[in-house]
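**Student:** What follows is each chain in one-letter form.
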Amino acid sequence: MRTVYAVSGGVSKFAKARPDKTFPALAKEAYDYAIADLGLTHRQFIEIVDGSVASYFSDHFARQLMAGIMIQDYLGLCPKPGHRVEGGGATGGICFQEAWKNVASGYMDVCLAYGFETMSHVATWKGNEFIALASDISFDYPVGGFYSGYYAMMVTRHMKEFGTTPEQMAHVSVKNHMNAYHNSYAQKREKLTIADVRNSPMVAWPLTRLDICVMSDGAAVTILCSEEGLAKLEKASGRRIPRVLVSGIGRGTDAMRMADRPHQSYDDFVKYNMLPSEDTAETCAYYKNLWKHGFRYPGVHSFRAGRMASKQAYKNAGISDPLGEISFVELHDAYTSSEIQTYEDMGLCRYGEGGPFAASGKAFMPTVNYGLDLPDKSVCPVNPSGGLIACGHPVGATGLMQAVFAIWQLQGTIGKHFGDATLQVPNAKRGAIHSHAGTGTYVTVSILEKEN
Amino acid sequence: MAKQVMEETFGGYVLHTVPFPTELDEAALAGLKKMAPILIEQPYSMTYLHSYGQDSPFFAGLSNGHLLVSRDPETGYTYGTARGHDMYTGNETDWVEILPEGTVHAFTVCHFGSEEFLPETPYVLVQVEFPGANTLFLARLIGVDPAKASTDWIGMKVKGRFRRLSKFKPTDLYFYPAE
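Residue numbers (numbering that gives the first Met the number 0), protein chains in the order written: chain A, 0 to 451; chain B, 0 to 178.
Okay, chain A solo, but in the shape it has when bound (with noise of 0.2 angstroms):
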């Protein structure tokens, strides 16, 4: 495999409706921004760039099938090589993860890649429909299918198994959204105590409206290459390009239905999901003691398709500690519930530790003020951007706009592009995003570093 560098990225305005663009347009706002922060004018990055790989989620939502190939067209990119990827709501991460094997293959020196999604089409609960048709339409969808509903029954599990409480969910969303309060590209920028979460209108018990990311349109793009690519951009725009290198890609599955999820034994744990860094007598002890409480893996409660691409991703990036070594996560935070699970399925905290990890103050700012009183100091930022929570969720979009803003933390350059740096992970050297499908079907992780 070869070397690849993310090098630029952009992201439209993200907001409930934008009915002032097309989506070709909306992904073209994003392009011409991460073109211009390269330096670079369009005929001379069409000169350079090798092809591209496309994100969307829905066909429903656009009701226009080979959406993919009308940006490639509005942008001027045929006749280069592309193919549009489905994921779920880890489409942006598939999309990165694709465009990283063009290049680490061989097969491209520049690719971009691209997403949008445009849910104002359609009314909000019709748009909850189109989404639930991502469960099985036999057995799941016509039950009541609302995915709000199925990451409920997850939570209400974990709550059960682990003691994690609705404060503890709500620390995310006030997290989140004051996050947001300082990124000029996020949708919702709101200063929220956690009496106003719990007091918001309940949706699916026990998450409420602020539990729960909303829907948006909006597009992103970022730029890979090679090293081969890096010279060729460089030279055409005549300056120094700071290099943030992909370190390691993961990717994992896991069954469409979350009642058919295993329920496994302790050993088959320990043999096929357990990560490097659990495997010390303590947490071992710590595994068997749940597992005697009637814990089993993944159960309903966690992913195992986030903690397969976890270990797989650390793998390949060298990352033997993920708390200790990662600096920001960048996570699908559709739910404040899966914020808390995915901590758990990435190795931020042992499984059943979410609850407590969450109000900690761990995964916090330590530069905003949250109002909180948490007991321990910053270690690694998640969602420093806001996430989908804050942010916004354009689904096609919302995988390449975590890979931006994280290209933009390891620059050092979240000042510039917020417009405010009260966001900029102090010391940013190495950075996890994280996207996620359905009820955890597909998760992808992918690991951005700063090359010195």
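Please keep in mind that the hints were generated in silico from the structure rather than gathered at the bench. Just so you know, even glycine gets a beta-carbon here, dropped at the ideal spot from N, CA and C. Be aware that one or more of the hints could be misleading.
Derived, one-sided and incomplete: chain B residues facing chain A with beta-carbon distance under 7 angstroms [said to hold, decoys possible]:
#, residue
1, G11
2, F106
3, F136
4, L137
Distance ranges between label pairs, derived from CB positions [said to hold, decoys possible]:
#, chain 1, residue 1, chain 2, residue 2, range
5, A, P365, B, E6, 35 to 41 angstroms
6, A, T366, B, P145, 41 to 47 angstroms
7, A, Q63, B, Y51, 29 to 35 angstroms
8, A, D267, B, E91, 37 to 43 angstroms
Mind docking chain B on chain A? Use the hints.
**Tutor:** What follows is chain B alone, placed relative to chain A:
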């Protein structure tokens, strides 16, 4: 406090003309770039002929008052939700009848839902654990107070009832508290 807003809905007057410059001189043409977008409603509906394929006996079973689950003939691994082939052995599964009795493994009360189910809110979703099955079954639970959701519901013994008039959906079997 969260923002107080009214739900946006579709449906309005039919519009036949929109404002447009009466004369298209250079200034008017340049000014078109500042024009607000036109939004039109495009109705879209269809009927699919969906086949349950190899899972059909499950639905036929429900309509005749029998709950069928899938079992691997070699290992005995039993899926609480019908499945034609086992994910571990690759074997074709066998149909096995079980009693529609189990416990609540996980649940939620949906106060909102997809458009199709909005009129049914609040409704309770449960993952049911059957004794002797290795995996779960998604169903509706009735007979509990949606306003009194509690994690104490997990572990509750539940029994199933078959709809007399089948809809040929998994909801032809629903659950209620056994005690």
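**Student:** Run every hint past the structure and note whether it holds.
**Tutor:** Consistency of the hints with the structure:
1. G11: Since chain A brings no Cβ nearer than about 13 angstroms to B/G11, farther than 7 angstroms, the hint is violated.
2. F106: Because about 6 angstroms separates B/F106 from the closest Cβ in chain A, which is inside the 7 angstroms limit, the hint holds.
3. F136: OK, holds: B/F136 within 7 angstroms of chain A, min 6 angstroms.
4. L137: With a closest approach of 5 angstroms, the B/L137 hint holds.
5. A/P365 with B/E6: 35 to 41 angstroms: 39 angstroms Cβ-Cβ, so the 35 to 41 angstroms window holds.
6. A/T366 with B/P145: 41 to 47 angstroms: 42 angstroms, holds
7. A/Q63 with B/Y51: 29 to 35 angstroms: This hint holds: roughly 30 angstroms between Cβ atoms.
8. A/D267 with B/E91: 37 to 43 angstroms: Because 24 angstroms falls outside the window, the suggested range is violated.
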